[in-house]
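K.L.:
The chain contents come next:
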Amino acid sequence: MADLNAFQSWISACSASIDDRAEDLTELDRAIGDADHGSNMKRGMSACAQLAEQEDFSSIDAYLKKVGMTLVSTVGGASGPLYGTFFLRLAGPLAASEDVGPREFGQALRAGVEGIVARGKAEAGDKTMYDALAPALEAFDEASGSGAGLGESLQAAAQAAAEGRDATEPMVARKGRASYLGERSAGHQDPGATSATVLIEAAAQTLT
Amino acid sequence: MKKLLNDPADVVVEALAGMAAAHPDHLRVDLDHKLVLRADAPVSGKVALVSGGGSGHEPLHGGFVGRGMLDAACAGEVFTSPVPDQILAATTAVDGGAGVLHVVKNYTGDVMNFEMAAELAAEAGIQVEAVVTDDDVAVQDSLFTAGRRGVGVTVLLEKIVGAAAEEGQDLAACAALARRVNEQGRSMGIALTSCTVPAAGKPTFELAEDEMEIGIGIHGEPGRSTEKLAPARDIAARLVEPVLSDLSLKRGEQVIAFVNGMGGTPLLELYVMYGEVKRLLDDAGVTVARSLVGNYITSLEMAGCSVTLLRVDEEMVRCWDAPVDTPGLRWGG
Numbered sequence: 001m002a003d004l005n006a007f008q009s010w011i012s013a014c015s016a017s018i019d020d021r022a023e024d025l026t027e028l029d030r031a032i033g034d035a036d037h038g039s040n041m042k043r044g045m046s047a048c049a050q051l052a053e054q055e056d057f058s059s060i061d062a063y064l065k066k067v068g069m070t071l072v073s074t075v076g077g078a079s080g081p082l083y084g085t086f087f088l089r090l091a092g093p094l095a096a097s098e099d100v101g102p103r104e105f106g107q108a109l110r111a112g113v114e115g116i117v118a119r120g121k122a123e124a125g126d127k128t129m130y131d132a133l134a135p136a137l138e139a140f141d142e143a144s145g146s147g148a149g150l151g152e153s154l155q156a157a158a159q160a161a162a163e164g165r166d167a168t169e170p171m172v173a174r175k176g177r178a179s180y181l182g183e184r185s186a187g188h189q190d191p192g193a194t195s196a197t198v199l200i201e202a203a204a205q206t207l208t
Numbered sequence: 001m002k003k004l005l006n007d008p009a010d011v012v013v014e015a016l017a018g019m020a021a022a023h024p025d026h027l028r029v030d031l032d033h034k035l036v037l038r039a040d041a042p043v044s045g046k047v048a049l050v051s052g053g054g055s056g057h058e059p060l061h062g063g064f065v066g067r068g069m070l071d072a073a074c075a076g077e078v079f080t081s082p083v084p085d086q087i088l089a090a091t092t093a094v095d096g097g098a099g100v101l102h103v104v105k106n107y108t109g110d111v112m113n114f115e116m117a118a119e120l121a122a123e124a125g126i127q128v129e130a131v132v133t134d135d136d137v138a139v140q141d142s143l144f145t146a147g148r149r150g151v152g153v154t155v156l157l158e159k160i161v162g163a164a165a166e167e168g169q170d171l172a173a174c175a176a177l178a179r180r181v182n183e184q185g186r187s188m189g190i191a192l193t194s195c196t197v198p199a200a201g202k203p204t205f206e207l208a209e210d211e212m213e214i215g216i217g218i219h220g221e222p223g224r225s226t227e228k229l230a231p232a233r234d235i236a237a238r239l240v241e242p243v244l245s246d247l248s249l250k251r252g253e254q255v256i257a258f259v260n261g262m263g264g265t266p267l268l269e270l271y272v273m274y275g276e277v278k279r280l281l282d283d284a285g286v287t288v289a290r291s292l293v294g295n296y297i298t299s300l301e302m303a304g305c306s307v308t309l310l311r312v313d314e315e316m317v318r319c320w321d322a323p324v325d326t327p328g329l330r331w332g333g
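Those protein sequence lines, which keep their order, are chains A and B. Residue 1 is where the first sequence starts when you use the working numbering, and the numbers rise one by one after that. Residue 1 is where the second sequence starts when you use the working numbering, and the numbers rise one by one after that.
Derived by calculation from the structure, the hints in this document are not laboratory data. Using N, Cα and C, we set each Cβ at its ideal position, and we do this for glycine too. You can take every hint at face value.
Stretch by stretch, here's where chain B covers chain A in the computed footprint (C-beta under 8 Å, at least three residues):
#1 33-42
#2 76-83
#3 169-176
#4 180-194
Work out the full structure, taking the sequences as your base and the hints as a guide.
P.N.:
Quick look at the structure:
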């Protein structure tokens with residue numbers, strides 16, 4: 001079960017991990033985009049990491065909504081609206097929860113991923129963050145459905161996200177900036193799928 | 001990286017502050033929201049035009065704020081779209097009661113952020129219409145892609161529709177004219193070098209000394225192919241032919257011909273290119289009603305150019321000729 005503190009640790013861990021990997025993310029984006037994914041995500045996640053110090057939150061959903069709004073307001077590009085929408089939608093199913101277990105988190109994760117699909121209109125195989133998030137959601141549901149706890153289900157989700165991320169390498173991009181490269185986008189791991197995996201891995205470390 | 005910078009993180013705000021200092025009679029700058037606003041905004045009863053996008057394309061868009069063109073421009077980080085808060089602040093600041101037209105280039109981030117801002121503006125009771133430019137023929141448009149990029153036509157559209165708004169046309173008429181301009185305009189670009197995004201610190205892509213990239217967008221992001229460098233006449237043909245063909249331009253039709261520099265190519269070379277473009281249009285029997293040559297929608301210091309052709313009607317030419325008074329474009333009374 002994860003409480004508000006655990007969710008704040010999640011965001012803090014996301015920020016630290018994005019910080020460490022900002023150059024890698026920009027390098028991946030340099031190959032098939034316009035070389036700003038790392039700096040944009042770093043700016044947004046560090047603003048989110050400061051929220052807990054600036055404000056007292058009364059609930060998990062209020063906190064996650066603020067995280068979503070902060071990402072929308074600071075990241076820019078396509079990642080701002082996409083990750084912003086993810087956290088805003090994630091908040092919905094957790095409205096009444098003080099302690100989140102695998103069932104509630106599964107519902108929230110589904111809402112978040114569906115939010116990204118609604119905003120970005122991406123499908124599996126388009127070489128986007130959805131290619132990491134969709135298998136993560138599936139693995140989470142499978143693990144929690146067979147009785148695993150939140151932490152264990154997130155471990156499974158993180159592993160599936162990483163596999164999904166790796167699987168974007170040979171794909172030809174059909175959405176976003178990378179799509180302009182056409183066939184030449186193949187052979188490069190997608191930066192969005194990479195940052196999405198960072199988010200899920202951070203959740204696996206903090207939400208238990 | 002060798003650039004005139006203090007801290008790469010401050011480049012956008014410092015550029016805006018410099019711009020405000022350079023044009024005190026024309027512009028106001030909101031440094032919190034990173035907006036460039038017409039000094040006299042909001043203009044009561046006039047449709048307001050708001051555009052914006054990543055920085056690094058100057059003079060687009062901030063340089064086109066002023067009488068006869070944009071009412072406000074939202075400056076994103078370098079090559080990164082602005083965020084909804086900024087776009088909403090711009091929309092609110094310039095609404096003179098006749099509604100606001102958002103001019104959005106078809107890049108995924110720009111489209112999403114402007115959509116979110118338009119939803120927020122509608123909730124605040126402001127009438128907003130959006131037009132998305134997608135004139136780049138280098139990109140195959142299909143249901144399964146992000147679609148064509150908005151590039152050079154954006155400049156021509158901001159001038160033409162800006163004039164229509166200035167002469168008192170209503171929001172629906174401005175939006176309809178904007179869509180017509182977008183439908184009748186096409187572009188294609190090439191790069192000779194990459195550019196360096198300040199925050200990234202090194203060139204976005206590699207091109208050998210004897211190579212060029214055909215079909216680029218305005219971030220140096222590649223398009224169709226990397227090819228051996230060729231003489232200007234051959235490059236002009238590689239740019240003009242797909243545009244002519246995509247627009248199905250026929251003998252006797254009229255265009256505005258726009259040769260745009262990407263930031264690192266001198267006017268000397270742009271005029272060489274324009275000469276070649278004009279010759280190709282003459283051969284095709286297409287009349288150049290008006291022309292524009294220079295650095296208007298750039299990619300930092302990237303060398304290269306784009307060619308835009310806009311099939312024009314009488315109203316578009318009248319609006320093109322109307323007076324404009326902005327830092328980046330100025331003519332007439």
